[in-house]
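**Student:** Using the hints provided, position chain B relative to the given structure of chain A.
Going down the list, the protein sequences come from chains A and B.
Okay, so the first sequence: first residue is 238 according to this note's numbering, each after it adds one.
Okay, so the second sequence: first residue is 33 according to this note's numbering, each after it adds one.
None of these hints come from the bench; they were simulated from the model.
Quick reminder that beta carbons are idealized off the backbone N, C-alpha and C, glycines included.
If a hint is listed, it holds; no wrong ones were tucked in.
Cβ-to-Cβ under 8 Å is the rule here; a few derived chain A residues that face chain B:
1) K278
2) F279
3) I282
4) S285
5) I292
6) F327
7) G334
8) G335
9) S337
10) F339
11) P341
Computed list of lysine-lysine pairs in DSS-like fashion (alpha-carbon distance at most 27 Å, straight line):
12) A:K278 with A:K259
13) A:K308 with A:K281
14) B:K128 with A:K281
15) A:K277 with B:K133
16) A:K304 with A:K256
17) A:K259 with B:K128
18) B:K128 with A:K256
19) A:K259 with A:K308
20) A:K308 with A:K289
21) A:K281 with A:K304
22) B:K128 with A:K289
23) A:K277 with B:K128
24) B:K136 with A:K277
25) A:K278 with B:K133
26) A:K304 with A:K278
27) A:K281 with B:K86
28) B:K86 with B:K128
29) A:K308 with A:K246
30) A:K246 with B:K136
31) B:K133 with A:K246
32) B:K128 with A:K278
33) B:K133 with A:K273
34) A:K273 with B:K136
35) A:K308 with B:K128
36) B:K86 with B:K133
37) A:K281 with A:K256
38) A:K273 with B:K128
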Amino acid sequence: DTAVSQTPKYLVTQMGNDKSIKCEQNLGHDTMYWYKQDSKKFLKIMFSYNNKELIINETVPNRFSPKSPDKAHLNLHINSLELGDSAVYFCASSQRGGASDFGPGTRLTVT
Amino acid sequence: GIQVEQSPPDLILQEGANSTLRCNFSDSVNNLQWFHQNPWGQLINLFYIPSGTKQNGRLSATTVATERYSLLYISSSQTTDSGVYFCAPVQGGSEKLVFGKGMKLTVNP
Chain A
238 DTAVSQTPKY
248 LVTQMGNDKS
258 IKCEQNLGHD
268 TMYWYKQDSK
278 KFLKIMFSYN
288 NKELIINETV
298 PNRFSPKSPD
308 KAHLNLHINS
318 LELGDSAVYF
328 CASSQRGGAS
338 DFGPGTRLTV
348 T
Chain B
33 GIQVEQSPPD
43 LILQEGANST
53 LRCNFSDSVN
63 NLQWFHQNPW
73 GQLINLFYIP
83 SGTKQNGRLS
93 ATTVATERYS
103 LLYISSSQTT
113 DSGVYFCAPV
123 QGGSEKLVFG
133 KGMKLTVNP
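Extracted from the complex, chain B is given alone in its bound form:
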């Protein structure tokens, strides 16, 4: 099955800093989603992004499917951005979201 690698595994930022999270995947994908799991455990869908670039407020995401990676940008980080970020591609020909191990982000005030 598809392999998913996220980097960095952990990141600590001061409020106001910018960051880039990377997701590499080993096979062609039908779609790719980014999720944020907040400290209370809720999984929030940030982006559905099989290819191209999307922006939503301070967050944006880019997927380059031909090169098998996706990036999540967080600008002007806030303490509420803390949590775990997951990348989850869907392998071509399947319906399954395959989650990476996640990246723990801590934003300090």
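Only chain A is shown next, with the shape it has when bound in the complex:
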């Protein structure tokens, strides 16, 4: 059983398109996150939701919009994709203040 799952695993798309990445966790955690890992392996938090409420919103372009339909799901929608959005996007979950479990990542390539 996969604890934190993401779809798709790979996403190749052209500049200007809109795409979504989905995340689900079956751990019963109350907090979910999106992280971005760039080409130099640097990991940075983008968003965090606790029980469907947005609690962390880093300085991310407003082309990125997270949505949490319930506490087991956190999706990431990206509008008007740019070359610089190419990265690996990780979803994670935790009990608030606890250890984080990460999904397998979604490698986004914008051409």
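**Tutor:** Same frame as chain A, now just chain B:
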């Protein structure tokens, strides 16, 4: 925000060797986690260790929060230990994991 420094940035070992990875952070922390990113990109949580010492098999970790550092020990290294190790503290008063730049470990057979 909190600054995180990991050392060394890269390390090459022969199988069976021991190693110590260090993480320094610039501010008080609520918690601290160590992760291993394997060559396939998967991030595995090794330790949740805001203070004290924990052991898990050949790995152990110690965090001295008052002195703002954490150490990850790998004993009798194996080729499967290869990958990038990240330290990620959570700054006091926030919920954010702040990742260091990582330490690339290569274990040769």
